[in-house]
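Engineer: In order, the protein sequence lines correspond to chains G and H.
Residue 166 in the working numbering sits at position 166 of the first sequence, and the numbers go up by one each step.
Residue 480 in the working numbering sits at position 480 of the second sequence, and the numbers go up by one each step.
Simulated from the structure, these hints should not be mistaken for laboratory data.
Note that the structure is predicted; figures quoted are calculated from it, not measured.
Keep in mind that the hints are not guaranteed to be accurate.
Computed beta-carbon distance windows for the label pairs [stated by the list, open to error]:
| no. | chain 1 | residue 1 | chain 2 | residue 2 | range |
| --- | --- | --- | --- | --- | --- |
| 1 | H | ASN39 | G | ASP280 | 55 to 63 Å |
| 2 | G | ASP294 | H | GLY343 | 35 to 43 Å |
| 3 | H | ASP84 | G | SER223 | 49 to 57 Å |
| 4 | G | ILE69 | H | HIS461 | 29 to 37 Å |
| 5 | H | ASN293 | G | ILE346 | 23 to 31 Å |
| 6 | H | GLU79 | G | VAL458 | 47 to 55 Å |
Beta carbons are placed, not taken as given, at the ideal position from N, Cα and C, and that holds for glycine.
There are 2 protein chains.
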Amino acid sequence: MDQRNLTLLTDLYELTMMQGYFKEKDANETVIFDMFYRNNPHGNGFAVCAGLEQVIEYIRDLHFDESDIDYLRGVGIFEEDFLDYLRDFRFSGDIYAIPEGTVVFPREPLVKVIAPIMQAQLVETALLNIINHQSLIATKTERIVYAAKGDGVMEFGLRRAQGPDAGTYGARAAMIAGCIGTSNVLCGKMFDVPVKGTHAHSWIMSFPDELTAFRTYAKLYPSACILLVDTYDTLNSGIPNAIQVFKEMKNAGIPLTFYGIRLDSGDLAYLSKKAKKMLDAAGFSDAVISASNDLDEYLIDSLKMQGATINSWGVGTNLITAKDCPSFGGVYKLAAVKDKSTGSFIPKIKLSENAEKITNPGNKTIQRIYDKETGKIIADLICLVGETFDTSHSLLLFDPIETWKKTMLAPGTYTMRELLVPIFLKGECVYETPKVMDIQAYCRQELDTLWDESKRLVNPHKVHVDLSHELWHMKNQLLDTYHRK
Amino acid sequence: MDQRNLTLLTDLYELTMMQGYFKEKDANETVIFDMFYRNNPHGNGFAVCAGLEQVIEYIRDLHFDESDIDYLRGVGIFEEDFLDYLRDFRFSGDIYAIPEGTVVFPREPLVKVIAPIMQAQLVETALLNIINHQSLIATKTERIVYAAKGDGVMEFGLRRAQGPDAGTYGARAAMIAGCIGTSNVLCGKMFDVPVKGTHAHSWIMSFPDELTAFRTYAKLYPSACILLVDTYDTLNSGIPNAIQVFKEMKNAGIPLTFYGIRLDSGDLAYLSKKAKKMLDAAGFSDAVISASNDLDEYLIDSLKMQGATINSWGVGTNLITAKDCPSFGGVYKLAAVKDKSTGSFIPKIKLSENAEKITNPGNKTIQRIYDKETGKIIADLICLVGETFDTSHSLLLFDPIETWKKTMLAPGTYTMRELLVPIFLKGECVYETPKVMDIQAYCRQELDTLWDESKRLVNPHKVHVDLSHELWHMKNQLLDTYHRK
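From just these sequences and the hints, can you work out the full model?
Structural biologist: Structure, rendered in structure tokens:
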């Protein structure tokens with residue numbers, strides 16, 4: 001999977017602009033771009049960021065090979081000196097990012113690129129593509145796992161994913177956000193995550209009858225024997241046949257460690273309750289009752305409310321496509337340009353009629369503020385690199401738009417942690433990506449830093465993202481300057 | 001891109017079932033699986049099928065390499081004899097499919113796999129993944145192109161696509177369904193389709209002022225000079241500056257062949273009309289007015305109704321994610337099993353409470369029936385392989401569920417065409433995939449075989465998909481047999 005050259009995975013305009021910078025400007029001018037998003041998908045109270053490992057691979061491998069150069073020549077708008085320049089193109093800048101699995105909020109830079117403008121411009125599209133996709137699926141998955149309240153959630157969606165990568169990297173993101181396994185074998189191989197699965201209706205149909213199909217399956221896979229019971233008639237055929245097979249296993253002395261049924265159609269609340277009664281009556285009260293069939297967080301929540309006795313969930317289409325909001329609106333905006341004479345960054349701002357859409361200028365970082373006692377997040381503070389904070393002093397937080405909304409944190413009651421960490425410095429990768437299952441464990445800790453009120457599915461409590469006084473002041477000065485023009 | 005080994009791009013259960021067939025059955029038993037879908041996405045009247053080229057590449061390249069075998073061994077449920085068998089695994093069966101770019105309808109087999117059960121089972125997941133994705137995006141794109149009523153539509157969505165493949169193969173599907181170009185350079189390279197694009201807000205912001213940014217762009221790209229006018233103030237700065245640059249080009253004797261403006265925010269109806277007036281007044285009435293900003297078929301339709309003067313459309317997120325319905329519900333169902341003694345296929349059926357969900361059994365093909373005079377589609381007829389039809393005789397069509405709904409076609413008034421063509425025979429590919437731009441031309445012809453009533457965006461007229469009398473009879477006999485049990 002990693003052998004592909006994704007250097008041309010970019011919008012043409014990145015290349016036309018690059019040639020423009022090359023021809024008409026100082027191509028080595030250093031700039032800062034921030035990748036951030038404006039709204040949490042699915043009405044969630046936060047997002048779970050993901051995709052950094054693939055961004056790192058992409059950046060590391062950036063190079064135009066001869067076939068790329070030949071192709072670009074054929075497009076007819078690029079000149080030879082620019083094509084020559086591309087031949088030796090490598091990424092030589094700095095990248096800071098928030099580690100994967102972190103809980104993040106709108107307007108925070110998830111990735112910050114500090115690099116010569118040519119390089120910073122080229123990487124925009126692929127960086128957005130990768131982070132947008134995986135953060136979307138991680139966020140959707142977190143909602144589904146949250147609704148399952150501790151039951152295992154399996155990722156099943158490969159066949160409905162938007163292409164091979166969407167299936168495989170989507171499953172990776174799903175694992176980060178708490179799935180216990182994926183059906184996608186390639187994802188299992190690439191990222192060393194648990195793969196799971198049983199059988200399809202076609203297994204049952206390829207045997208003369210359901211009982212034979214079940215018996216054969218149980219003989220082959222006695223230690224993970226989940227039988228699909230809805231091929232012919234769930235209550236009159238599927239469950240009785242499954243119970244029959246469990247009895248035969250028990251009588252044969254085969255330990256029933258992980259066994260049970262899967263419901264894939266019909267009224268899951270009703271069928272699961274009936275199934276539970278039938279399994280209990282036969283002495284199989286520890287059997288797994290798993291369910292699938294177009295599930296999402298709302299259906300799982302509703303089934304739980306109805307007293308469904310399902311304790312394992314297979315989720316496909318709605319998870320792997322993030323169906324009710326299939327895009328994560330991450331953007332990549334110019335934040336500063338380095339002044340060659342002074343070496344300092346000149347902040348840049350993108351205006352908009354809509355206050356929420358005005359960008360935050362300058363070379364920024366994020367301080368996350370935790371309540372010392374509970375460990376929960378109080379707020380995030382976007383600030384300028386170089387600003388120092390002392391948690392033994394009080395700290396005044398204020399809403400950057402409705403500035404009369406203020407909170408004073410008392411000395412010693414809070415802790416701070418910087419979210420952006422260095423990933424590339426001068427083109428060298430200085431970050432080691434944790435394994436996916438370690439990111440999952442980290443993500444679980446991250447989720448513990450949120451109150452339940454911020455995790456609920458509908459109308460969650462909003463966590464404040466404030467600007468430091470220094471950044472707020474810089475932004476307002478810039479706005480004043482523009483408005484005076 | 002094609003160097004990846006996608007053999008493990010499958011659900012684990014395909015492999016657990018394969019081992020089951022290997023251990024417990026005749027692994028060479030030949031079966032037929034049909035890939036079909038049940039509902040047109042987006043409430044459309046049809047779908048545009050796509051993705052076959054990638055399925056062909058996937059099937060051709062199917063093989064388990066040593067690292068795959070090692071990985072599967074580590075999963076802990078596969079035995080050595082089965083792993084040995086996988087080492088020499090190749091696809092040796094037949095595949096029939098409907099060519100890409102064809103207009104298709106629910107319940108028609110888009111792909112038919114006739115192969116030993118082990119092989120037919122393995123390919124399910126990847127085949128569905130690929131065809132589902134590309135058919136989804138092709139169908140969504142057709143709607144957008146239809147709404148644009150002859151204006152050019154550009155695909156712009158890479159940054160919001162669900163991963164690299166979704167961007168690249170999604171753009172491929174968009175080209176099949178009628179986009180005039182894509183911003184995705186990798187797609188352009190891989191599939192020899194036009195790539196297009198101009199500049200971003202960051203281009204404008206990286207210059208001291210907008211006019212300088214425009215001038216520089218015009219100097220570099222005079223023959224495709226579309227200027228983004230909304231960075232600061234569309235009407236008071238962007239358009240006047242663009243007109244200034246067009247005047248300078250004209251005065252300098254630079255031919256204005258393809259030039260104009262792009263609107264990316266604000267009220268596109270109002271701004272485009274204002275822009276048109278300003279451009280006309282300055283003598284630039286042939287300037288392109290292009291628009292982007294979260295467009296879809298409904299917005300384009302509405303803007304046209306409002307008299308917007310936009311004549312070029314850039315569509316991103318909504319197209320590349322098929323946002324309002326981001327999955328194509330293609331399924332893959334067992335249709336028949338070969339009887340070793342007789343060599344004939346025993347039809348198989350999957351039951352359901354819902355008549356629409358009962359599968360069509362047997363070895364089938366599809367005859368498309370056209371009106372001889374208009375060339376428009378009258379209906380599709382799913383029938384059994386080997387059935388013959390004579391268009392010089394009358395033909396009785398009837399609805400397969402509401403059987404009293406009948407139509408009699410008079411002799412000589414209709415023509416027929418078989419939709420499924422051979423792709424693989426005995427494991428050998430016998431089909432040459434056309435180039436994407438040729439598929440686009442074919443797709444345009446295909447769309448001409450539909451009445452406008454079937455193409456409208458909301459409540460389109462439904463094209464009938466009927467069963468031949470022979471197939472209908474076989475299906476009902478099978479249903480009777482099951483119900484008697």
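Engineer: Confirm or reject each hint.
Structural biologist: A quick look at each hint next to the structure:
1. H/ASN39 x G/ASP280: 55 to 63 Å: violated (38 Å)
2. G/ASP294 x H/GLY343: 35 to 43 Å: With a Cβ separation near 40 Å, G/ASP294 and H/GLY343 satisfy 35 to 43 Å, so the hint holds.
3. H/ASP84 x G/SER223: 49 to 57 Å: Distance hint for H/ASP84, G/SER223 is violated at roughly 22 Å.
4. G/ILE69 x H/HIS461: 29 to 37 Å: Check failed, 50 Å falls outside 29 to 37 Å.
5. H/ASN293 x G/ILE346: 23 to 31 Å: This hint holds: roughly 28 Å between Cβ atoms.
6. H/GLU79 x G/VAL458: 47 to 55 Å: Holds, at about 49 Å.
The structure shown violates the earlier hints numbered 1, 3, 4.
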